[in-house]
Amino acid sequence: MQTTHARRYATNAVMTTLTAACAFFAVAVLVLILGYIAYRGLGAISFQFLIETPKPVGEGGGIGNAILGTLILLAMACVVGMPFGIATGIYLAEYGAGRFASLVRFLTDTLTGIPSILVGVFVYTIIVLPMKQFSAMAGGVALAVIMIPIVARTTEEMIRLVPASLREGALALGAPQWRVTTGVVLPAAASGIVTGAMLAVARVSGETAPLLFTAFGSRFFNVYLDQPMASLTVQIYNYAISPYDEWHAQAWAATLILMTLILVINITVRFFTRQKV
Amino acid sequence: MTTPPPSLPTPTSAFGARVRAWDWRRALSPTGNTGDAVFRAALFACALLVLLLVGAMIAAMASNSRLSLREYGFGFLTSSEWNPVSGQFGALPFIYGTIISSLLALVISVPISLGVAVFLVEQAPRRLARPITFLVELLAAIPSVVYGLWGIFVLAPLLRRYVEPPLQKWLGWTPFFQGTITGIGLLTGGIILAIMITPIISAVVRDVLAAVPVTQREAALALGATRWETTRVVLANGGPGIAGAIILGLGRAIGETMAVTMVIGNRAQISASLFEPSYTIASVIANEFTEATEAIYLSALVELGLILFLVTFIINAAARLLVWSVTRSTSGTARA
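Here the protein sequences come in this chain order: A and B.
Be aware that the first sequence starts at 1261, since it is given in our numbering, and climbs by one per residue.
Be aware that the second sequence starts at 143, since it is given in our numbering, and climbs by one per residue.
Everything labelled a hint here was simulated from the structure, so no lab data went into it.
Predicted model, so just to flag it, every value in this text is computed and none were measured.
One or more of the hints may lead you astray.
What the hints assert, rightly or not - Partial list, computed: chain A residues near chain B (C-beta under 10 Å): (1) Ala1280; (2) Leu1290; (3) Tyr1296; (4) Val1364; (5) Leu1367; (6) Ile1377; (7) Gly1466; (8) Thr1468; (9) Val1494; (10) Ala1500.
Note that CB positions come from ideal geometry on N, CA and C, so glycine has one too.
This is chain B alone, in the form it adopts within the complex (with noise of 0.2 Å):
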């Protein structure tokens, strides 16, 4: 039924001491079993795969964005003229674009994640936290594009009847809150930004909460803390992975493509006001790939996909170290 361990002959050297023959089973697997050998190869082979999936991507798109590379240089990055038809192409709009609604999003969503991911780890009861997990995990659930309909026909017109007016009227000085109110732009793409990154950040910063020894809490409440004051000692113990929610939740709003591409209005442009129109790296991609005959503008197009991996690449990489610091080294399943 089951088949024994292979008995091989052992060799031995000329000093007499015994020497295993090299056997293709055991350098496969530790347990030398044909079956185990193959099995293992296998899976390794597909693991290689995931390894080797990554290493194309940038190959494909560096090779691909050559032309571009070659004919811009370090220009690319910083010139903000971007006109296909007179074969001019600088990125500087774009990555304008893609950090201020960001960084926007991020302003609008941090607080409330927070806010959420300490009400359903800290306070709520657990029969009420269980059914609220569930629905901002839904959030989650709904397509990028269901979003952007959603941003068109909602979100759009109600910020230009009831939001934007009276930002306009009190801050209207600063430069921020100036132009023609449309309800298409900046500040939409922010907010939208804003509502699909929120569950995200809120789910990883309930983990970090979570992975907090017990004992934390009970120290602080022992000492007299309120629940408030015992919360506060939880968030300085999570503090490195929040910093890592935070930042996932950032890469994240940095390559959202589809919700942000139908209501930020798409003009490359760079503008202080958040109410004109704006364009991200990930929108330009979607709208110009189709249209992009010419092998300058294909490539230039691709190169800026490059440059939003890269940037993505690295901070869900940080990110993740930093997740990972916190929920590995309290939990103690440290894994490798």
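Pulled out of the complex, with its shape left as it was, chain A reads as follows (with noise of 0.2 Å):
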């Protein structure tokens, strides 16, 4: 009797520690990461770097066109993606009690966990094929259709925590429904569907397998949008894969530059989520 017990307290002791080494372990790992791209980061980086474009090994150069590219592949993302995103959130949250609502919702949860890979294949058939070249407009549309189904379902639980009697209380004063919708509900949860919109900017930011063949990459400052455009992501592949030092340590200044975007976003968002709660 006194030994089951004690054994089962040992059990207790060791599984809790074991539990805690995992949790201790994640972060370490997480730290490790970010720590060694900081210190390889910061070692390579100059105002140079941040303006010029790339050049031939041996002669610097520099991500500015990458950086420029990144953010318009983005912008193009939010104005495609967005709308279709919230809305169909919105169709969720206010009209979501059909089967047919069931199914787009289990299909946005299925979409985001399809790879992403196939999202440049898909939208490589659809748009770069017929044009016959790479553009900008297809990595923006590769970003936005990764980006709908992220922005669809976080809508979708923002305005869902839009309490009932706020909905009830303008129906109950003659409003007709889409006013309430649009005047009552939609400005309750504005600031959590923002966040989710952010989150999903984030997450996109960081992609590259959609891109390797729709903005494909360039090596100039473009803003056409039937061209090939460089981003960061491809950017950080490409010298990555190279044999150069120095465009490894090219890589690494660029990973920091997007993983500053990134965290800033996401600890602006945790920051912002956790006054409201």
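Mind assembling these two chains? They're in different frames, but the hints should get you there.
Next comes the structure, spelled out in structure tokens:
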């Protein structure tokens, strides 16, 4: 009896320690990765690097065009993807009781798990093949397709948080349903929807695979949407698999820029959502 | 200010019963209000687009892989010869590489993910749990290409120097740890995948554990169970949801592209050794898509994409249903 008791408590102590070790291990990996990016990136970054275009090995060069390209691609993805994503989210939250809505909800969830490279393949077949060339437009559409299901689901969650009493109050005053949704529910859920949208931008800004054969990449500053366009992630990939140390250093510096963007968004979102709760 | 519902003439039928005339507004929205009808129809169109998107993806890939489907049929899946120059396309090496690297990732990641989730939901004090939850979620925010970069320059050298030599020394007699040690290969790919799917699996398991009713815990504790024994009760209750989380992680691992491409070696071969380079479906698409100048080559790559799409679609669908079965039925917020 006594030994069983001791064994049970020993097991408890061992398992508690093990689970804590798992958690700290995961955090340690994060710190290792971020720390190494900061260490290698800070060593290679300079103002010139941020504004110049890529140059041949040995001549320096920078990622100015890739930063601009990433921003343009993200803007396009937002313009194309956000309206559809948010509208789908509103539909699911406000009219989402039927079978059709369940199907859409299920498909959006499943879509978020589809490998992003397949979105690249899809957009390649519907835009790049007919246009016969890689283009920023194709890249933007690919990112938008990835964005839509993410935005739709977060929007739905946020709208569901709006208390029913608000809707009922507005309806009781005689407002038609669409006015209730646009005038009362959406403003109440706005901060949450923006939060979700920002997270979607952060997620999409790190995508590489769908851009490989849509926006493709470019060594020049480009603002034309029917031309290939550089992006930070594709640039990082190309430099990382190159055999040159100088380009490796530039890959780390570009990674530092990209991670700063992503971390700033994530931490800002975190800060605001905590204040709300 | 507000528009009253439109007053419609109510004609009567031959038997005197009141019949309501067909009205497009009422057909689109039960309220019969013009604004409602337009608004709801617009939202419906957007939701329909998501549906069409999935259909369009399947259709686009199926139609662009026609050539390869007709040429190779089912042999595509069983042939291990991939030689674009001689026009031979078999998917087996990629299927093998994808399955082995993903399973390896699961073997490493599942215990750690479960540990993280149990620690955060069941054991850690709240003040500790919140920041750690955020940090683990940040792991999921790191882009794939960044994991790849880190894998090439940090993880691969680390494995080559400190992990793979002892593995070969002790377990070299098994077929799994033979061959040259390069730091690039299946093992590295599996480990990087494991790191990438850990935050995903643990996040879903956390949701599942949190959805298990607190009464289950109270009952176990009241019977004198230790904390770990209580946790086991909770884990058993969340069983299907945890299975769903693991399958979700599997789906992510199968489709992961950039990081794996950068560390797995990209050689279309089937070898039992985890030190040997391999190739995954997603990687070969990423590497060779822009090189595929011949129609049949492109078609074969798109067919690989179609296979990957169907597999990940089924896996994700199954995982969602399993997770929903737990988080919905117990939290009482069943939707639709």
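Right, here's what the structure says about each hint:
{"no.": "1", "hint": "Ala1280", "result": "5 Å, holds"}
{"no.": "2", "hint": "Leu1290", "result": "5 Å, holds"}
{"no.": "3", "hint": "Tyr1296", "result": "6 Å, holds"}
{"no.": "4", "hint": "Val1364", "result": "5 Å, holds"}
{"no.": "5", "hint": "Leu1367", "result": "5 Å, holds"}
{"no.": "6", "hint": "Ile1377", "result": "4 Å, holds"}
{"no.": "7", "hint": "Gly1466", "result": "3 Å, holds"}
{"no.": "8", "hint": "Thr1468", "result": "4 Å, holds"}
{"no.": "9", "hint": "Val1494", "result": "8 Å, holds"}
{"no.": "10", "hint": "Ala1500", "result": "5 Å, holds"}
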